[in-house]
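Since each chain comes alone in its own frame, lean on the hints to assemble the complex.
Residue numbers (the working numbering), protein chains in the order written: chain A, 1 to 125; chain B, 1 to 535.
Treat the hints with care, since some could be wrong.
Derived pair list, reagent style DSBU-like, types lysine-lysine, alpha-carbon separation capped at 30 angstroms [to be verified]: (1) B/K451 x B/K422; (2) B/K153 x B/K65; (3) B/K451 x B/K495; (4) B/K369 x A/K122; (5) A/K122 x B/K451; (6) B/K369 x B/K422.
No wet-lab data here; the hints were simulated from the structure.
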Amino acid sequence: MEHVREVDRPVVLVVEDEPLIRLFALEMIEDAGFEVLEAANASAALMTLEERCDIRVVFTDVDMPGSMDGIMLAIRIRSRWPDVQIIITSGRPWPEEAVVPADIPFFSKPYRQDRVLDTVRKMAA
Amino acid sequence: MLSPSAGSTASGVIERSEALTNLMVLDTPEEQSFDDLVFVAAKACGVPVALITLLDTDRQWFKAKFGLEARETEIEHSICQLEIDTGDLLEIVDLTIDARTRRNPLVTGDNHFRTYAGAPLVLRSGAIVGRLCVIDTAPRPAGLSDVERSMLKALARLASENLELRRIAMASERQTELQTALVTLGEVIRSSSNTEEMMAAAAAVVGRTLATDRAGFGIVDHNVETIDVETDWTAPGITSIAGRHRLDEFGSLHKSLVNGVPIVVRDALTDERELVNRDGAVRIGIRAVVDMPVRDQGRTIAVFFVHCGNPRLWPTEEIAFLRSAADRLEAGVARHRTEQRQHIINGEIAHRLKNTLSMVQAIASQTLKTVTDRNSVYAFERRLMALSAAHDSLLQTSWAQADLRTVAETVTESVGFSERVKLVGVPVALGPSAALSFSLILHELLTNACKYGALSNEVGTVSVTWRVEANNDGGFLKVEWREQGGPPVAMPTRKGFGSKLISIGLVGAGGVDLRFDSAGLAADLHASMRHLGQA
Numbered sequence: 001m002e003h004v005r006e007v008d009r010p011v012v013l014v015v016e017d018e019p020l021i022r023l024f025a026l027e028m029i030e031d032a033g034f035e036v037l038e039a040a041n042a043s044a045a046l047m048t049l050e051e052r053c054d055i056r057v058v059f060t061d062v063d064m065p066g067s068m069d070g071i072m073l074a075i076r077i078r079s080r081w082p083d084v085q086i087i088i089t090s091g092r093p094w095p096e097e098a099v100v101p102a103d104i105p106f107f108s109k110p111y112r113q114d115r116v117l118d119t120v121r122k123m124a125a
Numbered sequence: 001m002l003s004p005s006a007g008s009t010a011s012g013v014i015e016r017s018e019a020l021t022n023l024m025v026l027d028t029p030e031e032q033s034f035d036d037l038v039f040v041a042a043k044a045c046g047v048p049v050a051l052i053t054l055l056d057t058d059r060q061w062f063k064a065k066f067g068l069e070a071r072e073t074e075i076e077h078s079i080c081q082l083e084i085d086t087g088d089l090l091e092i093v094d095l096t097i098d099a100r101t102r103r104n105p106l107v108t109g110d111n112h113f114r115t116y117a118g119a120p121l122v123l124r125s126g127a128i129v130g131r132l133c134v135i136d137t138a139p140r141p142a143g144l145s146d147v148e149r150s151m152l153k154a155l156a157r158l159a160s161e162n163l164e165l166r167r168i169a170m171a172s173e174r175q176t177e178l179q180t181a182l183v184t185l186g187e188v189i190r191s192s193s194n195t196e197e198m199m200a201a202a203a204a205v206v207g208r209t210l211a212t213d214r215a216g217f218g219i220v221d222h223n224v225e226t227i228d229v230e231t232d233w234t235a236p237g238i239t240s241i242a243g244r245h246r247l248d249e250f251g252s253l254h255k256s257l258v259n260g261v262p263i264v265v266r267d268a269l270t271d272e273r274e275l276v277n278r279d280g281a282v283r284i285g286i287r288a289v290v291d292m293p294v295r296d297q298g299r300t301i302a303v304f305f306v307h308c309g310n311p312r313l314w315p316t317e318e319i320a321f322l323r324s325a326a327d328r329l330e331a332g333v334a335r336h337r338t339e340q341r342q343h344i345i346n347g348e349i350a351h352r353l354k355n356t357l358s359m360v361q362a363i364a365s366q367t368l369k370t371v372t373d374r375n376s377v378y379a380f381e382r383r384l385m386a387l388s389a390a391h392d393s394l395l396q397t398s399w400a401q402a403d404l405r406t407v408a409e410t411v412t413e414s415v416g417f418s419e420r421v422k423l424v425g426v427p428v429a430l431g432p433s434a435a436l437s438f439s440l441i442l443h444e445l446l447t448n449a450c451k452y453g454a455l456s457n458e459v460g461t462v463s464v465t466w467r468v469e470a471n472n473d474g475g476f477l478k479v480e481w482r483e484q485g486g487p488p489v490a491m492p493t494r495k496g497f498g499s500k501l502i503s504i505g506l507v508g509a510g511g512v513d514l515r516f517d518s519a520g521l522a523a524d525l526h527a528s529m530r531h532l533g534q535a
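So that you can see chain B by itself, here it is in the shape it has in the complex (with noise of 0.2 angstroms):
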């Protein structure tokens, strides 16, 4: 047990070391569990000390004590670590006498240890990672007894377990919070009125989750290159790194990058692959680094960046948040890319529509410029004008609804008549074609009532209305057109265009009512609220 090579090997201290980073242990809070854990082996050991020891690179650290008052110590005054490669039970009966032991300050001082026995704790994956140990200060010649060695190696496989779970725990808890962050990344994407917006906002909203100092997003060249980084989150006190670069400046991203692999790094002064090259790494701040290729029909089209000014572990569930706000910010780019393009092709559509509109006019303009029924060519202008209004209105919202007040209101508008038309009801959205039918018609109502009705007099008034009543199709909308104030009506004896065009109705369908009232013209227009989005 006494071997010369009493301290551990290389290769266990790399395991060891990466083992309990991924623990995120070192340096937390005393907790309960670990506690009573080396309560009870004291106890049962008949001792006045016991800790739980965790082997860092240069210290030993306690999770849990029971009668010593450090913290931790240097790497060079732990008993623990001796043996500790070996996987088994380390027992010292005194330490008086051991010589790796008898020069130890806390054998020579006031801490008086005098028999040491420690079981090692063993995660899961096999790597050793500290030591369960009970310590007398008075001598011990016998040792501990079987049972008290059965019982230590109990507690030190509880031990392990209890870090293990703490850190599934841990990772839950974190998985819970990137959920969330996700989520609110997902409302940012989506609220966010332009690209530069929503790649700021969610970039604010990743640095944040993963408390770093910097992060962004940046487009890549077509040989991956370069990268423009139109705008990054900084932690106070952090330079952005907006603006264009050269991938190289910063180290050997290029391959990784094309092929669609993450770089991870955890510290980029100290990472043997020098993915990230030292130089950048200093000149732009930083230590520790995730950059998150972003893909597009298997191409590398932009990366998203993490910085990190202190070297940092970066556990798997922070790795796949960043793949999935990557991949979010990317369909949100794409979204808005689309977006604005439709903007633009409506917008030249409707400019050509309403060019095509305006040669219409000229050329009905030339040919019917002999015709001696003049109400005829103005009739079909008015006609020509409520159509372009009708699509000026479903312009608004880029061709998919239009309102059917504002419809109403560019009608009445156009007609001229906004004074004596009173327009009462809800929003109501109408397709494209219910948009062009419904201000079709009601230009006929308005230019009928201009002819004969209640607005060809001084003083009759129109009132529209319209409300959507419930039935078990989503609801039906219903127009009342009611003229008031004008001179006597009647049935007209020829149903001309205009009439037809009425009859029609909403959504081609029909639905629609006239009544020759004595107090004027009344029109009721119906149509099924499911049929009105979609028509």
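Okay, chain A solo, but in the shape it has when bound (with noise of 0.2 angstroms):
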């Protein structure tokens, strides 16, 4: 896949594994003026993450197929890209005894668009 670069708009990434809801968050995010590229679960996130230095933002789901999950990721980009912001979204309530760091928002799902839109405007500033 080739990447068009575009300096003006920052550049999140949306980790989800449902495709309808991916979609959903990309076209929202996307419409409010950033790039957007997506991935279906930590390991593509983390390829991607590897392959493209200019992502500013990582807007992740918790449950997803596969070794890793949302919370997990985070941990490994805090630890390898401490300058990626993260939001998180689930469906799940947000686990009592978190290991994430507590400055990660999080949301709960279905999420109010302007309010992900307000945080992701704010880290990608």
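Following this line, the structure appears as structure tokens:
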């Protein structure tokens, strides 16, 4: 896949296994003026992160097939690419004893588009 | 009367020992009722010494004594044991002549026993446990008179009756203690939040109540070959046996447990059935054991065990207590398992439900892409959020009920006006359906206030207050929505979906008053508590 670099638009990576919800998130973020990339699971997301050094925000689901879930992905990104911002969303309640840093924003599904977009904008700024 | 086989028979000894153990009287303190009997016996027969003698296997022990210091003597020096199994009154008019007693230290020594008469203590079961005897320290060639003999027999019957009643009173007192312990056990089971905590607490209650050394609950495998002890209670200084064990390490427990028969062992080292093998018993430091099988659908699934480092009798009421304890514990374990499973299922359902709502959001977003009236699209999305938020509140209590305030806070927060909406009211539990209705109604009122009412400017506020008013049907809930400081409001000309939704009410049967006051919108919602809890 060939990526067209557009210097003006911050890049957001959407990680979500459910195609319909991924499509929805991609359009929502793209319509808000961002360049979007997509991944259907955590390992695909890590590969994309390896390839692209211009990703500013990763917006990830928690429950996904594969050996790594969204929370583990967030921890990996934090240690490997500390400058990349992370937003987590899930249909499950936020785990009480979360192992992820407390400053990662969490949105319960279904989320309000305006709130997610506000956060994405703040992070990409 | 002076038969050569003067002592008691072997079967008599066993029967007596059994009966005495059951009476639970040996080595107990003196009691007035028995002391009175020996006093009366001595005075009635005009002698200086009277005793209530109980014949233990290796000693004679005096439950009551008049005119004698000793509390017990060796069985060999017992005059009372002579001819005991005949069940007759024994009278020896001159102990210094009788071949069986003339060398007895009680006769040759300072006690100076000369004449003896003892009536047997016969229990209702027929077991003879000892004698009530009178002893003269002076020779009495004529022996007792007929009246004296009758009185001695009568007093012996009273003493026997007293022993039995004493046992019944003790059992009933014990029964009360055990009942109290069962109540405590019930509380422990109810209040524990997980199986391990419950088993540990229950084992402690049983262990302390029975004053044992170790108590616990072990799950047996399908073939009843191994037992898994997660946690056990032990008295200070006793080691735990937590872990997995093969049942045959402890003895031939398999058959009884498979058949659901409790294993009751007074002393593993002398038990002839050898249910518990001696090596196994020594290894885990036990002499007395009860293994109470716990059954489920005709199968033994667990064992409640009680261990004692010393031999001990297990009275029937204690076995019954263990049976009840084991049953309650099993019910508690089953309840915890169900709850745990239910909790997981609830979480899974909630997760899927929320994913489904996300899909609806995604589909709607695609489908309504070309709709130019964006407000309708947003309104749809917000209603979806309100529904989802109500589900979150319900999930916290496993879909049983939701607290009204929690629902109100979640919805208010999702709309984004928490600081301008004041919530005041007592805790009220809403049933699942009422919680969903309430969250949707509140959401409509809030969005309406955002568009036209108190929240549409910078200064307006809303107060939501609720209270429960008494009536003869379990009370009813009254919720008051009041807007202040907004622009002037007027009755809307068209009735949209929002106002229809509001008018359905909390329990789907109306109960909604809307007033477009000059101060702002006022809405009163009411519903009976009975309907709210169930709906």
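Hint check:
1. B/K451 x B/K422: 19 angstroms, holds
2. B/K153 x B/K65: Cα-Cα ~17 angstroms, so holds.
3. B/K451 x B/K495: Within the cut-off at roughly 15 angstroms; holds.
4. B/K369 x A/K122: 26 angstroms, holds
5. A/K122 x B/K451: Holds. A/K122 to B/K451 sits at ~27 angstroms (cutoff 30 angstroms).
6. B/K369 x B/K422: 36 angstroms, violated
In this structure, only the earlier hint numbered 6 is contradicted, and the remaining ones agree with it.
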